[in-house]
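Fit chain B to the supplied structure of chain A, relying on the hints for placement.
For the protein sequence lines, the chains are A and B, in the order given. Under my numbering, residues 1 to 359 are what the first sequence spells out, in order. Under my numbering, residues 360 to 718 are what the second sequence spells out, in order.
None of these hints come from the bench; they were simulated from the model. Every residue, glycine too, gets a C-beta built ideally from N, C-alpha and C. Check before you lean on any hint, since a few could be wrong.
In the DSS-like style, the derived pairs of lysine-lysine whose C-alpha atoms are separated by at most 30 Å in a straight line are [unchecked claim]:
(1) K30/A / K338/A
(2) K151/A / K689/B
(3) K330/A / K298/A
(4) K30/A / K389/B
(5) K151/A / K510/B
(6) K689/B / K654/B
(7) K340/A / K30/A
(8) K699/B / K654/B
(9) K295/A / K338/A
Partial chain B-side listing against chain A, Cβ under 10 Å, derived [as the list claims (entries may be wrong)]:
(10) Q406
(11) I419
(12) Y431
(13) G474
(14) V505
Take a look, some chain B residues computed to stay more than 12 Å from chain A by CB distance [stated by the list, open to error]:
(15) A416
(16) G560
(17) A617
(18) I662
(19) D707
What follows is the residue order along each chain.
Number of protein chains: 2
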Amino acid sequence: MKTNQNVRLSCPIPIQQYPHVLMAHGGGGKLMHQLIEQMFVPTFSNQTLNVRHDAAAIVIHGQNLAFTTDSYVVRPLFFPGGDIGSLAVNGTVNDLAMAGARPLYLSAGFILEEGLPMETLWQVVQSMQSAAQAANVQIVTGDTKVVDRGKGDGIFINTAGIGVIEYPQSIAPQSVQPGDVVLLNGDLGRHGMAIMAIREGLEFETTIASDSAPLAEVVLTLLEAGIELHCLRDLTRGGLASALNEIAEAAGVEIAIAEAQIPVHEEVQGACEILGFDPLYVANEGRFVAFVPEKDAKRALAIMRSHASVKATSDQPTNHPCAIGTVTGKAPGIVKMKSKIGAQRIVDMLSGEQLPRIC
Amino acid sequence: MKTNQNVRLSCPIPIQQYPHVLMAHGGGGKLMHQLIEQMFVPTFSNQTLNVRHDAAAIVIHGQNLAFTTDSYVVRPLFFPGGDIGSLAVNGTVNDLAMAGARPLYLSAGFILEEGLPMETLWQVVQSMQSAAQAANVQIVTGDTKVVDRGKGDGIFINTAGIGVIEYPQSIAPQSVQPGDVVLLNGDLGRHGMAIMAIREGLEFETTIASDSAPLAEVVLTLLEAGIELHCLRDLTRGGLASALNEIAEAAGVEIAIAEAQIPVHEEVQGACEILGFDPLYVANEGRFVAFVPEKDAKRALAIMRSHASVKATSDQPTNHPCAIGTVTGKAPGIVKMKSKIGAQRIVDMLSGEQLPRIC
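So that you can see chain A by itself, here it is in the shape it has in the complex (with noise of 0.2 Å):
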């Protein structure tokens, strides 16, 4: 059905190929990738949503500010480390962190489905609040939508958010530079497996839980202490691979780690082993990863290991933050990864997400 006459381009999107909307073009992966490079950055088309980052830089009579949005649809609403409202803050949170921004105001926009039990919502709502508290932001608008039984599912929350850019770095993909070294804040798969333990009534020996915690402290303290942040990432959908892989092809860089160096947990290798999950892939809520020039690189390590959120959780050993890999040189967009035996392969973007509705 036509509703503007103007409109007569047709889909970008193959449509013999991808008819309809999949589980994998929401999942952080190629087809995901696809959908926003092919639909929405050239339809929505503006200097500022080019850049592609997980927030947008704009500027507002001379202040520099950073923008973003997600929208929450993870199942279950609780798991162990959080649930969907905490998650919530975090996720937009981390977000405007990433672009290097202070976060400060918050908006919620619940798409409830009718049925859902009142103190399910309650819950929730106090979760948004401590979450808010602790990263120090205030959700200061909202909106409420409530949807027919069947319709939704329990909860849904958008937030979008809004920081302050204090800093002048240019922390993009673009600023990303041969030589740089690539800095990672813990372990990896905590919040995937976490997720993946509940969600199939898994019982392992100890629970996983998620890593979701909100990052703009650490960040800012790099910041404070004058690191030269080229560029930022959280390791959310699509995890740590899918990050590498945007940022080298939006770099045009390679990108080479070493497994030995990338700490994962024993109990989440084990649960990614048992269920068949690759920890590269999986969705972390409090992961980031930070490309610095080699001479920042042991000063940004010491801060980001010394920072509080981390040492919360270091009585685990291998949820210490560290340097993973190098920025080779240029290249189109090439992630390359040194096994643990020696051998090295390339560490691709998956077409999906492994674990759908993680966040």
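Quick look at chain B alone, frame taken from chain A:
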């Protein structure tokens, strides 16, 4: 399931009475009002949120900004006069305009149901961009989630918006004064009745089209002309009756309106009569009320009448901006209406919305 050990507060909504979320909790009436006032506002409590406006007024480094969010869940996705895409742009643009802000940037968060035809998404995306261009805003950041078949309903869209407040007027219910004139920019009920006609498969002699339109230009023209705007409100969920009740309550005033002054197109009136709706409560997407001091009322009305977007449909005689009432004095939130035959009645807020999923 408790996920936060500090959480011990009991649910502020009476659980015995409302153990589950009802459609009416999203309907713009009393139950939604209760949810906002008793759960959301006290929990997320902060100075900005407490103002209770369609958009939050925030200050970043001395710059006055407006920030707002809305999710759109309208059924059907396409209707005469618009679709979910144009609605998602106009609705959020209008929330910014109602705060007296110049809308600048929007975010777009999509929650897609697996199996949605790709062509449908494409049409909606194009419609969003057309609407964004017409409203002079840019869509600068976005997010896509896909939920399993049967866990969503085609497309839900959240848009958040940022605008800049360039005029120092305090446009808020708190600025409303006894003696203010209430101006309305056009006839009531088109959006709701357009949706209803399609949804119920009803056939009327002529198709009623939604009034969905961006309102920022007319508001900015009023501000540029130096009109003292005390309060603005667009007449979406809950219609004119709910908007006036909310303002009357927040301002602590009595508002008196005259039925004879309120324009309703005869086709809308006819449809309302057949279906048992009251146009006062039916949702609009391009209509707003402005509270202005008497000294500015005539000039404001002239500007509203000369404004292009109103002219475009002024072939229909009922579609003229007009003065519909006045603020008669201080009172604990009362809206009175003098009927066409001279009787006076209280215009109350409904419990819910007559028409679920109207926006």
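Holds or violated: are the alpha carbons of K340/A and K30/A at most 30 Å from each other?
-> 27 Å, holds
Taking the closest pair, is the beta carbon of G560/B still more than 12 Å from chain A?
-> Holds, since 15 Å exceeds 12 Å.
Straight-line alpha-carbon gap K689/B to K654/B, limit 30 Å = Distance of about 20 Å is within 30 Å: holds.
Residue hint G474/B, partner chain A, criterion CB-CB below 10 Å = Hint holds; G474/B Cβ to chain A Cβ min 5 Å, cut 10 Å.
Take a quick look at whether K151/A and K689/B sit within 30 Å of each other, Cα to Cα.
-> This hinted pair is violated, its Cα atoms lying about 44 Å apart.
Does K30/A pair with K338/A here, judged by a C-alpha cut-off of 30 Å?
-> Since the Cα atoms of K30/A and K338/A sit roughly 23 Å apart, the hinted pair holds (cutoff 30 Å).
For the hint on V505/B, does the least C-beta distance to chain A fall short of 10 Å?
-> OK, holds: V505/B within 10 Å of chain A, min 3 Å.
Given as non-interface: A416/B, which should sit over 12 Å from chain A by C-beta = 9 Å, violated
Could you grab the alpha-carbon distance between K330/A and K298/A and see if it respects the 30 Å cut-off?
-> Distance of about 24 Å is within 30 Å: holds.
Beyond 12 Å from every Cβ of chain A: is that where the Cβ of A617/B lies?
-> For A617/B, whose nearest Cβ neighbour in chain A is about 32 Å away, the distance exceeds 12 Å, so it holds.
Against chain A, does I662/B keep a CB gap of more than 12 Å to every residue?
-> Label holds. Min Cβ-Cβ 26 Å, cutoff 12 Å.
For the hint on Y431/B, just tell me whether its beta-carbon gets within less than 10 Å of chain A.
-> Since chain A brings a Cβ to about 8 Å from Y431/B, closer than 10 Å, the hint holds.
The structure fails to meet hints 2, 4, 15 from the earlier list, while all remaining hints are met.
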